[in-house]
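**Q** Protein chains in written order, with numbering that gives the first Met the number 0: chain V, 0 to 344; chain F, 0 to 344; chain S, 0 to 344; chain W, 0 to 344.
To be clear, the hints were calculated from the coordinates, so they are not data collected in a lab.
The beta carbon of each residue, even a glycine, is placed where N, CA and C say it ideally should be.
Take the hints with a grain of salt, since some may be wrong.
Claimed, not checked - If the Cβ cut is set under 7 Å, some of the chain W residues that face chain S in the computed set are:
# : residue
1 : G22
2 : R272
3 : H284
4 : P343
This is what each chain is made of:
Protein chains: 4
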Amino acid sequence: MIRAAVVGATGYAGAELVRILSGHPDVSLSVITSRQYAGVAYDTIYPALSGFVQMDCIENEPVAICKDADVVFLALPHKVSMDMVPALLDAGKRVVDLSADFRFKNREAYEAHYQPHTCVHLMETAVYGLCEIYGEQVVSADLIGNPGCYPTSVLLPLLPLVKEKLVDPATVIADCKSGVSGAGRGANQTTHFCHAHESFKAYKVGGHRHTPEMEENLSLCAGTPVKITFVPHLVPMTRGMESTVYVTPASGTDTTQVRQCLESFYRNKPFVRLLPDGRFPDTLHVKGTNFCDIGWQVDPGSGRLILLSAIDNLVKGAAGQAVQNMNLMFGFDETVGLSGVPYPL
Amino acid sequence: MIRAAVVGATGYAGAELVRILSGHPDVSLSVITSRQYAGVAYDTIYPALSGFVQMDCIENEPVAICKDADVVFLALPHKVSMDMVPALLDAGKRVVDLSADFRFKNREAYEAHYQPHTCVHLMETAVYGLCEIYGEQVVSADLIGNPGCYPTSVLLPLLPLVKEKLVDPATVIADCKSGVSGAGRGANQTTHFCHAHESFKAYKVGGHRHTPEMEENLSLCAGTPVKITFVPHLVPMTRGMESTVYVTPASGTDTTQVRQCLESFYRNKPFVRLLPDGRFPDTLHVKGTNFCDIGWQVDPGSGRLILLSAIDNLVKGAAGQAVQNMNLMFGFDETVGLSGVPYPL
Amino acid sequence: MIRAAVVGATGYAGAELVRILSGHPDVSLSVITSRQYAGVAYDTIYPALSGFVQMDCIENEPVAICKDADVVFLALPHKVSMDMVPALLDAGKRVVDLSADFRFKNREAYEAHYQPHTCVHLMETAVYGLCEIYGEQVVSADLIGNPGCYPTSVLLPLLPLVKEKLVDPATVIADCKSGVSGAGRGANQTTHFCHAHESFKAYKVGGHRHTPEMEENLSLCAGTPVKITFVPHLVPMTRGMESTVYVTPASGTDTTQVRQCLESFYRNKPFVRLLPDGRFPDTLHVKGTNFCDIGWQVDPGSGRLILLSAIDNLVKGAAGQAVQNMNLMFGFDETVGLSGVPYPL
Amino acid sequence: MIRAAVVGATGYAGAELVRILSGHPDVSLSVITSRQYAGVAYDTIYPALSGFVQMDCIENEPVAICKDADVVFLALPHKVSMDMVPALLDAGKRVVDLSADFRFKNREAYEAHYQPHTCVHLMETAVYGLCEIYGEQVVSADLIGNPGCYPTSVLLPLLPLVKEKLVDPATVIADCKSGVSGAGRGANQTTHFCHAHESFKAYKVGGHRHTPEMEENLSLCAGTPVKITFVPHLVPMTRGMESTVYVTPASGTDTTQVRQCLESFYRNKPFVRLLPDGRFPDTLHVKGTNFCDIGWQVDPGSGRLILLSAIDNLVKGAAGQAVQNMNLMFGFDETVGLSGVPYPL
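Model the full assembly from the supplied sequences, consistent with the hints where possible.
**A** So this is what it looks like as structure tokens:
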């Protein structure tokens, strides 16, 4: 039984961590923090959890956190994470950071899209926590940069094919769609019900900060610098992310070869479900789960390969993957705490 | 470990039974049936359950069902249930019937609203499976008439107060609201997305068949015949049911007395959550759970008591309560298989 | 052609006024104001109106407003309205106030639920702008207190029956449901998509300030003080309001008598649609329109009368009724600018 | 004043035609037909239109239709249209066909994706009714093949750029998203509220029949055969269509040149709204209107051009464009009946 702290427990990713860890048989959720709600009973903020989480939030204070935790999940904004990580590592804690601060190896890329990095020495040792790809390194990591939701949904279908050179990484276009919870708990015009409902729209066209995160991982895998086109969209639903990825296949790659590659790669990966030919992922089918469902099709007219994936942006796209990383780090079965039966609807 | 059959497994209540029983540690889901989908793999109908339910549906055939099941859940239309129950009981099976066929003691009431009853001898021995009220009789029952969703949400806040004579049962008005899943899996104009979305409406005004079910239970509890007013409404959401019940309190009954009565009655009832003063239930907080959240307020102007409850119509309103009944019947802890941590949103 | 100003043009009621007045053939929308968005082009706030409203918002300044307007619509918070009205009237403008400040005749009732009234002399001369009831007085009014959305939806089905003594006003219970736009444009946890979606809940139980507004009008109509029970609820949709009103009919009142009374009263009232027996209103059918659809049923079991109404909370519940009042005040046909064909879905 | 018939008036496109034509000042809606609802009062099917459309549906009978109509709108399934068109033309009627039957010049393309064409002689004379592109030919046409919703949303941003050779048509990828009304009024599992809500998914990947329709028009414009990649998706909203189109710009084409080309092309086209730099279309902003809002961005990393458009699939994507075609055919102003002020939300 290990003790876990969730720092930033009242944002949506934090709340989802609280949910998963409260039900995790090998974990005691020992600390929850919130700048805004310090001193407040958690179940007044999330009444659904009444009877399950009977704790107050405390301040984001490293000393107090370290006293009661073996593993610390940081569900904080970029930059705030970076400021807290060294103290936690120095205290011997293992850290899963859900911000972008430790997702990059390339300092220039990070700094071009975020801000100056103040823990450069940790960028190299941190492990990018895309479990199905970097699981072996996760096991012994002290610091995980938990992947962004969009990169998770785009990289899982794409990386095995890039690795096997079945597709041309220079041709990648990722058209991605997210539920409104991806915009966070902050109340603003974007998240206002009356603006999001009956609305579908693209945002941050050509400028979303998950682009360099995907590019770094694709480049590492391809062994050559890769630029992609990525457009995120907002869907009038609470949870869910669908990615439609277009890529030119290597000469001769057909639907069957894609299946062979993905089946071989994801054999024994419990959270990737490859769909039968002719079926395509639906966010409803992964809602509340840690699954990434993947389907694909070579377009008969244009010859392009169309890859489709669906995840729950708050689970496999954030909190679930973070717990999956923790499971690997502490030698638990990868699925513990994440294996609830999905809702049929 | 007991073996459970779900008869009518592809309707929404059936699918929810499949979900809960698949994750129940003391149950092996051994049989699933469907007239429409016999021979079809279950996860092609509900792809969310891919990897969890690897069975085909079989026909609704009592002999085949009995061979592999200790307990049988019937998620069938009225009348169809009644035709199958005797064979199951004769084979020594215990039965939880989700239709209305065994919810009534009063044959006239049943027949006035449904059709002639063909198993009158079982009406008396069947137990009305509102666990928090009739739990003691459930333990030894062979046949459960699992309550309707509306009656569950109305009776739970009301019955303790009627029993203690804190309210006048002749004054009950129940204004109830249900998510669209309550209309079932059948595709028709009512359940069409474009007709349900951005739509709020009453239906079956003054004529819903859950009225006599509530009246029978209120009458039994009050010791006198009770007529109520009940209007159901349809809400543009998938899951959830909220009931706002208006009743005239007995002279002197105030908000505090209501609390004392409900707290005393529901002490040790794990699935009823009584809210603090000034907070009222929200369907979002019980989504996917077996909880019934209850709040109340004496209206300062009119003096009427306003009782409010929220349940998930498919869980506490159907499949969850059915499993809760099974747990009691087989001596399991009441909460087994129903204790997943709720989603914060 | 008259010139109209909308003060507070960026809130939802204000935006709906802008929409209607922009398409009104006898009106020139000449001034739009906003404290928050002064100096900003209106179509950057509401891009749907791009090409239709090519004006910037100005400050809420009475002198500037009066210079360019014959009629002034105030879509302001309570109290702010009251502070601006005298200057507008002194300048000879006619005013339709959408706040609660001039809806009451009874100063004590207003002050008990709002704040001290600083224009008491205007409370008496202001006309309560429920057009179908007080239309004759509206014609010559200089100041209209435009009704609240809930009172509009509750009073329209009820007042004719109270007037004819077909129902007992002491027994009124109004269970009302509103779309999220009723909570306004302000971004907060209530209006956040992820909290409103898949959520149905009551709010301000026993304490909503529309209660005294309804009570005053029912009391005036009944000729005796009336207290009612009113519970508002929030529905996961943008627009729409449904009210289910329960009342004890006078001895002998049946469904047919209700029809005769309502048909007689609403003959020649173009915005009330009485539904055939057995059909009940649906918010979807009045979306975007100034209609109030009304249905009813005497409950066969309890004998109570159930009245049901549906309006668009932003149109008949706010901006549409305000323009209807203006039409009457300026001698236009009551329906001008409000007669667009409804959307079938 | 001309007389118009809507054949197939109860489907969603038909109902939207009924709405628009009922409010059109130069048109008398004289005939509405429905196979399923012949003899039924229209406002029992679409109660929103009560008071506006007081007609019964009649059978789809050409003689009866021709007797009372000058222009006939066919909102019928493919093939059924083709069987009716010759009789209507022979009777001297002008026809706007909303099916795919007369959208193609290339018989092979049509027959490969639909069925044998039985009016080949009319394929050439029919005009593809994308008004902004083919408006001059529409004026004198007797038969219009009204464009599909997806082609409308993809071709409007794309064709001017192809024509000016600012983009390479061989690189077009169209990722399109439609509200559920696009799936039609038929009730099935796809349109069931509980399956569409909280669901985002692709469908007919690599096989949608709007692909050849787009390809034919792009090929004609480019002067060379063009193959594109097109993936449609379903969004949990009633109305709206967003298309995100990726294309490789010709060397040197930048954001400004795209603006110049589109502004030049769409000058004096009242239904195309080009958005300012940095703003992108939102389906909410065109809901219920005949607008096509267009935005774009050259992706700084990959250099690809991203074009974004939003329409209401039932209006500009179907009924609105059909009426726009009729306006051109009969010499009315292009915007008559289509110029209602949009709803701000």
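**Q** All hints, please: hold or fail.
**A** Hints versus structure:
The interface hint given for G22(W) holds, since its Cβ lies 4 Å from the closest Cβ of chain S, which is under the 7 Å cut-off. With 7 Å as the threshold, the beta carbon of R272(W) comes within range of chain S, its nearest partner Cβ sitting at about 6 Å, so the hint holds. Proximity of H284(W) to chain S holds as hinted, the smallest CB-CB distance being about 4 Å (cut-off 7 Å). Given the 7 Å rule on beta carbons, the hint for P343(W) holds: about 4 Å separates it from the nearest Cβ of chain S.
Consistency with the previously given hints is maintained throughout, with no hint failing.
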